[in-house]
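Chemist: Since the structure of chain A is provided, determine the placement of chain B on it from the hints.
Residue numbers (the numbering used here), protein chains in the order written: chain A, 1 to 614; chain B, 1 to 489.
These aren't lab readings, by the way, just hints derived from the structure by calculation.
Some clues are possibly wrong.
[Stated by the list, open to error] Here are the computed distance ranges between Cβ atoms for each label pair: (1) A:Y6 x B:A164: 29 to 39 Å; (2) B:F212 x A:G208: 53 to 63 Å; (3) A:K110 x B:V163: 31 to 41 Å; (4) B:V323 x A:Y6: 17 to 27 Å; (5) A:K110 x B:F238: 54 to 64 Å; (6) A:K50 x B:G188: 53 to 63 Å; (7) B:L288 x A:Y11: 30 to 40 Å.
Keep in mind it's a predicted model, so treat the numbers as computed, not measured.
Even for Gly, the Cβ is constructed at its ideal location relative to N, Cα and C.
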Amino acid sequence: MKDHSYDNRKYILSGFVILVLITYIIQIYNLQVSDNDYKSKADSNAFYKKTIYPARGQMYDRNGKLVVYNSPSYDITFVPREIKEVDTVELCKALDITLDEFNTRMERVKDKRYNPGYSTYTEQDFMTLLSGEEFARFQEKMFRFPGFYVRKRSIREYNYDVAGVLLGDIGEVSQKVLDKDPYYKQGDYIGLQGIEASYEDVLRGEKGTEVLLRDARGRIQGKYMNGALDTAAVRGKDITLSLDIELQALGERLMENKIGSIVAIEPSTGEILCMVSAPSYDPSLLSGRKRGKNHKELALDKNKPLLNRAIMGTYPPGSTFKTSQAAVFLQEGIVTPRTSFPCSEGFVLNKFRLGCHPHSSPISLAPAIATSCNAYFCWGLHRMFASEKYSGTKEAMNKWRDYMVSMGFGYRLGVDLPGEVRGMIPNADYYTRHYSNYWRAVTVISISIGQGEVTLTPLQIANLGATIANRGTYITPHIVKAIDGDTIRSEFKTPKKTMVDANVYEEIIKGMRLAVTEGTCYAADIPGLDVCGKTGTAQNKGKDHSAFMGFAPRNNPKIAIAVYVENGGFGAEYGVPIGALLMEKYINGTLSEESEKKAEKIQKRKIYYGKEER
Amino acid sequence: MEKRRGNIFARIDWFTVVLFLTLAVMGWLAICGASHSYIETSFLEFFNQSEKSGKQALWIGISLVTGLILLSIKKDTYRDLSGLIYIAAIAIGILTIFIAKDIKGSHSWISLGPFSIQPAEFMKFATTLMLASYVGRREFNINNRNDIIRSIAIIMLPMIVIVAQNETGSALVYLSLFIVLYREGMTGIFLLMAVSAVVYFVVGIKYDAVMFDNLPMNVGPYAVTVLIQIFSTAMVKFWCKNDKTFLVLAITNIAGTLLSYWIAVYLIEFNIMIIQYLLLMFNAVYMLLRIRLNKEKRNLWIALYLLGSVVFYNSCEYVMHNVLKPHQKVRIEVLLGLKDDLSGVGYNVHQSKIAIGSGGLIGKGFLNGTQTKLKYVPEQDTDFIFCTIGEEQGFLGSAFILILFVVFILRLIALAERQNSAFGRAYGYALASIFFFHFAINIGMVIGFVPVIGIPLPFFSYGGSSFLGFSILLFTFLRIDADREVTRV
Chain A
1 MKDHSYDNRK
11 YILSGFVILV
21 LITYIIQIYN
31 LQVSDNDYKS
41 KADSNAFYKK
51 TIYPARGQMY
61 DRNGKLVVYN
71 SPSYDITFVP
81 REIKEVDTVE
91 LCKALDITLD
101 EFNTRMERVK
111 DKRYNPGYST
121 YTEQDFMTLL
131 SGEEFARFQE
141 KMFRFPGFYV
151 RKRSIREYNY
161 DVAGVLLGDI
171 GEVSQKVLDK
181 DPYYKQGDYI
191 GLQGIEASYE
201 DVLRGEKGTE
211 VLLRDARGRI
221 QGKYMNGALD
231 TAAVRGKDIT
241 LSLDIELQAL
251 GERLMENKIG
261 SIVAIEPSTG
271 EILCMVSAPS
281 YDPSLLSGRK
291 RGKNHKELAL
301 DKNKPLLNRA
311 IMGTYPPGST
321 FKTSQAAVFL
331 QEGIVTPRTS
341 FPCSEGFVLN
351 KFRLGCHPHS
361 SPISLAPAIA
371 TSCNAYFCWG
381 LHRMFASEKY
391 SGTKEAMNKW
401 RDYMVSMGFG
411 YRLGVDLPGE
421 VRGMIPNADY
431 YTRHYSNYWR
441 AVTVISISIG
451 QGEVTLTPLQ
461 IANLGATIAN
471 RGTYITPHIV
481 KAIDGDTIRS
491 EFKTPKKTMV
501 DANVYEEIIK
511 GMRLAVTEGT
521 CYAADIPGLD
531 VCGKTGTAQN
541 KGKDHSAFMG
551 FAPRNNPKIA
561 IAVYVENGGF
571 GAEYGVPIGA
581 LLMEKYINGT
591 LSEESEKKAE
601 KIQKRKIYYG
611 KEER
Chain B
1 MEKRRGNIFA
11 RIDWFTVVLF
21 LTLAVMGWLA
31 ICGASHSYIE
41 TSFLEFFNQS
51 EKSGKQALWI
61 GISLVTGLIL
71 LSIKKDTYRD
81 LSGLIYIAAI
91 AIGILTIFIA
101 KDIKGSHSWI
111 SLGPFSIQPA
121 EFMKFATTLM
131 LASYVGRREF
141 NINNRNDIIR
151 SIAIIMLPMI
161 VIVAQNETGS
171 ALVYLSLFIV
181 LYREGMTGIF
191 LLMAVSAVVY
201 FVVGIKYDAV
211 MFDNLPMNVG
221 PYAVTVLIQI
231 FSTAMVKFWC
241 KNDKTFLVLA
251 ITNIAGTLLS
261 YWIAVYLIEF
271 NIMIIQYLLL
281 MFNAVYMLLR
291 IRLNKEKRNL
301 WIALYLLGSV
311 VFYNSCEYVM
321 HNVLKPHQKV
331 RIEVLLGLKD
341 DLSGVGYNVH
351 QSKIAIGSGG
361 LIGKGFLNGT
371 QTKLKYVPEQ
381 DTDFIFCTIG
391 EEQGFLGSAF
401 ILILFVVFIL
411 RLIALAERQN
421 SAFGRAYGYA
431 LASIFFFHFA
441 INIGMVIGFV
451 PVIGIPLPFF
461 SYGGSSFLGF
471 SILLFTFLRI
481 DADREVTRV
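Isolated chain B, as found in the complex:
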């Protein structure tokens, strides 16, 4: 093994660079569309420094220069400086809480002359670098409890600082870094638990009040019990890899569910929830019995997961109906599509859906959008920038951009996978995870799939700090990738 040598420009991954530049240009054009007022102007106007598009162009230039500088720094230097950068970033973050002006309750912006900068964007870079270099240590062991706790601490510390700045949305981004730990071997049960909790909540609450057509019971709770059976039985199969237990449980669950449904519909009408709960109890008891017989410790966790799921769902219902304040309830109900509140909570998302929907198949054409230009969509050039694309470029344009984004993310995963060092791989995954989180949450929010969490769409949303922050993250990785050790055959 040896380090690759030669001109840095010969070694960087140009495919990624081209993807990045394409996204940057499209993002800039989207900002031109979104911030442009409905008056005829010449194209050069878009570079005017009093226009948002002009400012953004300047920031793109600054980012490219910064990127070139970053490319000249060696991979090892990054690794060596990671601790310092991390501590400095956290310190600046804490400082920001006290010196930043209050903007809508958040203390996250500091002004440097004519520019305002959001240090949180650079904390992402610092945390990514720190996590990668910690995970990349030779003595790091994912199964060592201290190592895990320290890695989690590296992720949580900046989160706490950002929450203190009152930017909860940005803080959530750091959760995506758990994907890095998962890739490095952390058990997936936590991720599965998180996903299943969301599924139980959404399915359970959304169909809570929906009745079966032919049975005197509600769809929500029933669907959740079936989902719990599916998840836990699948865990037996894929986590314990115990085929016998899996077979017994799968057959009992399927037969019990179908048979009870058939009897209830065609023979005697009764509430088959009782059968579902009996099935769940049987699942848990059987798994616990298997522990004694086969010493399968993991079955205990699955049984606990199963019982935990039942408790979790029931407490969700309780919280929803008895604990939450009406306005909080409304927010959840609007998101789940149970209620329309178009002038209040749902206004942003409703308007954003109208703007996107009005684009049709091929869109209204560049600068011809009416919804975004006439400012129906709030924050249309920052968090809701995707509306402009949807309206002006239509389905074809917006699908193209979504695909472009995913190709970019998949390329980053591929690059991460070709690293020989855990440091490089961890950095690559952190980068891919952050981009993916921003992408999934931002687009999901604009098209009405996830709650309105104010985080930008990388390279598209207006804002210098965010563009520069993402560029720093990316260019550092390009250098790390260029410096990777390759095996000469």
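Isolated chain A (complex conformation):
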């Protein structure tokens, strides 16, 4: 007999089966239709986009000498799951590391703090940037270490041990850049400082890809669609620098044991011929496996060798600035070349006094530049501020500011190097903020001799030299002369004009020439070079900074230069001789025997800077 008492249980059971079916269909709907995430995950799973790294562009100096090039290096990687039976002792021998080192490396790879992308299924870096020699030793025995792989990389090599901070370096791309620029992937190299950074997009070339099919063990199963989706890598472009590498080397030699900067510019083109920031370092220190350690040491050095003082250091320009003041006064008609001012060993107005050194008085423009008279320029500014031409102090001040800005001061010049700073040119608002409305010419008088609130970078000082040499125009200074198969940016070709006429500059040049022949710069009077120059002795908290700004020859100038030696004393002490040697070297191609001796002497001179941070 059939028992019907539990027949309704078939509905409970069937209902449960249908309930499970509905739940499962909802879940596969979620996975397959409403959630697109899984599709892209599948692609990155199965398609192995193998990156083909292009060779990075090389760098030549202005004379075609190879400065920076590439050499191959090798990364050893491993897939954790695949290295079950590796003879650790053998491996350590092949890589020339100790067992302890091996263990710390392994721990480090597995530590998610250092290596957030750790997975036992994918390639992990074990040791990076092995030299060809080191790799060759490992390669012989590589077949004995299943699970270990090699990735070819290239590192930078340098033919000269100079211009470290200028050339810059390459290193692994940071998380910040990764978030911003999709071109880069974890572990890629990128230019970090100097030219490597500012010309990164030219030098890096274009990565290529090969789309390969990869199984779960990372084994390549062949090309996807026979390579139809592959793209070839494009080699990075070679760069010709405007730098004269030998001039650079001489500059760095002369600046040994000193802190400061040298910038030399070709006035007609704006090309930077040398850019020294002292203390300097050998660029090869920041290439290859020792990079991390060396970079740390350089970064901790109290003299800050990683700072490019030529564009990141701001200094009071001191008396080199007087040339720009002369230009303003002449152009505005405040003075004429024949106007003379009294100097009683200083500028004296009522109870105010600003000192000067002994020289003949009264004095006109050219000899005032030659002897670097403070009083002359103070009188000039005083007269300008009192002039009927302007509605008042503020307008005069802002007029003055406009002149300065037109000469490239107070704003970034726009050099093709990262990290340039703008320096400081005050305007009327600035003083009103500080002094309310109670400020007059006397309050700000020291700006006329390049002190007080005014600061410039050494590059801006050199550019002042180039502007004078050009009689009123300059081209934005730049370090790259030519890019292989490409043109440089148009702003590096178009001249900029100051608000001052060419004939005014001729008067200033007279003064600068006089300074060399019978004034403060007599040490720069090299026969046949026709040097024009201006010293600077900038007051600051410690010993005065020694500065020099000049160009040569007087007609058709080939080089304009600025030298700035921190705490070097009078301008004539370091600035003038260093500037003279560099101009001689650049124009004559070599130093005379006598100059060579002088150079050696300066190279050995050491300035003691104490233990404070700079």
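Modeler: For chain B alone, kept in the frame of chain A given last:
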């Protein structure tokens, strides 16, 4: 009543046969997709005996022949031989433990010439037959304690043998046979207890650390107390059928829960867990009082169930936090979606979800899957075969297969229900339960709903023993169904 007569092929249920053949063909195609390497080959290659698809085709052939043979054996013969088959199967199972080679720690495969066979697959058939024939005895009474204990022993014995072979996953399948006893009248309270225990555990642990937005308390324990109230009140309604008690409890519980929540959120902020526990205590005390007043014995069980639930949940928490080893905890947390451990424990399931998800609505097309072909999914042609379908056939294809499976299972239930004998019905339910268990656990594991328990998807997963085992189960039932006694009107 009389036995149906005539040609066996005229009497078998062809609808089931068609469903079976459809599933078998789709399963075979899935294996072609899963085991096929990413190289162009001709279609005939799939029958090559060195390929998995070729081997599977051979096994399908063997199974069909075996099925034909089984169809020629009368229903009564099956019943008469059930004891013998059962004892033989258990004996072989025990023997296997000692003679089988160690494969990843399990001793469940014996090799016969070129083939390897897993006796556990045939023990299912033996146990099903034995259970059906025991339950089908005229003197069997589900309310007799000895009969119940013996039926449970029939189920548990092969389980013990299989656990000894270190195949815990396969052993769990036998639990589904309790459904047969339930259908035959065993009280459902055990099933309900099992289900509610799972629900308490999942809800409680998953939301253990989640805080209410507006109250200073955790969601997990609160949700569990509400669930206990719902379950026990429902039991009063459907098991005791006592409407008065039900009404009192339902109104108290709903009012108490809502009121305390409202007060806590809008008037005075306090931890309303206290109210929930007071409500639960009230439930238990009230039910116990009803026993004295109305002699409702079942209320005692419900009250015990309620208290047991509270104890169970709290001990789950204790075990989770204080007893389990970290790696065991991780496994549970990964399953509940509390943690991603994609390179370790969760790797299989994560990859399997990626493979299925990448199929989209219509799939990548037959043999065009990348995930499965490139072996991202481990065991893709056996336990994770459904990934291949998901990737290559997309949502439409995989939903179709799920529906096909459920139609198949529901058809088996319908066939079981039309049996006149308890033997036939019990066999049919056992069959449906086993298929359902494999289906629910296997698919659930692949889509990340249940833990990774290595059991195959019937007719789809690669493996001769499994295909043959399921075929034997099915064809025997086709014959039993064909031989059923029908009432002529």
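Chemist: Between A:K110 and B:F238, does the C-beta distance stay in 54 to 64 Å?
Modeler: Cβ of A:K110 to Cβ of B:F238: about 55 Å, so the range 54 to 64 Å holds.
Chemist: Looking only at beta-carbon atoms, does the pair B:V323, A:Y6 fall within the given range of 17 to 27 Å?
Modeler: violated (40 Å)
Chemist: Could you say whether the range 29 to 39 Å given as a hint is met by the Cβ separation of A:Y6 and B:A164?
Modeler: Holds, at about 35 Å.
Chemist: Is 30 to 40 Å right for how far apart the beta carbons of B:L288 and A:Y11 are?
Modeler: holds (33 Å)
Chemist: Would you say the C-beta atoms of A:K110 and B:V163 sit inside 31 to 41 Å of each other?
Modeler: For A:K110 and B:V163 the Cβ distance comes to about 36 Å; the hint holds.
Chemist: Regarding A:K50 and B:G188, is the given constraint of 53 to 63 Å on their beta-carbon distance met?
Modeler: Holds: the Cβ-Cβ distance is about 60 Å, inside 53 to 63 Å.
Chemist: Looking only at beta-carbon atoms, does the pair B:F212, A:G208 fall within the given range of 53 to 63 Å?
Modeler: The hinted range 53 to 63 Å holds for B:F212 and A:G208, with Cβ atoms some 55 Å apart.
Violated hints amount to a single one, hint 4; each of the other numbered hints is respected by the structure.
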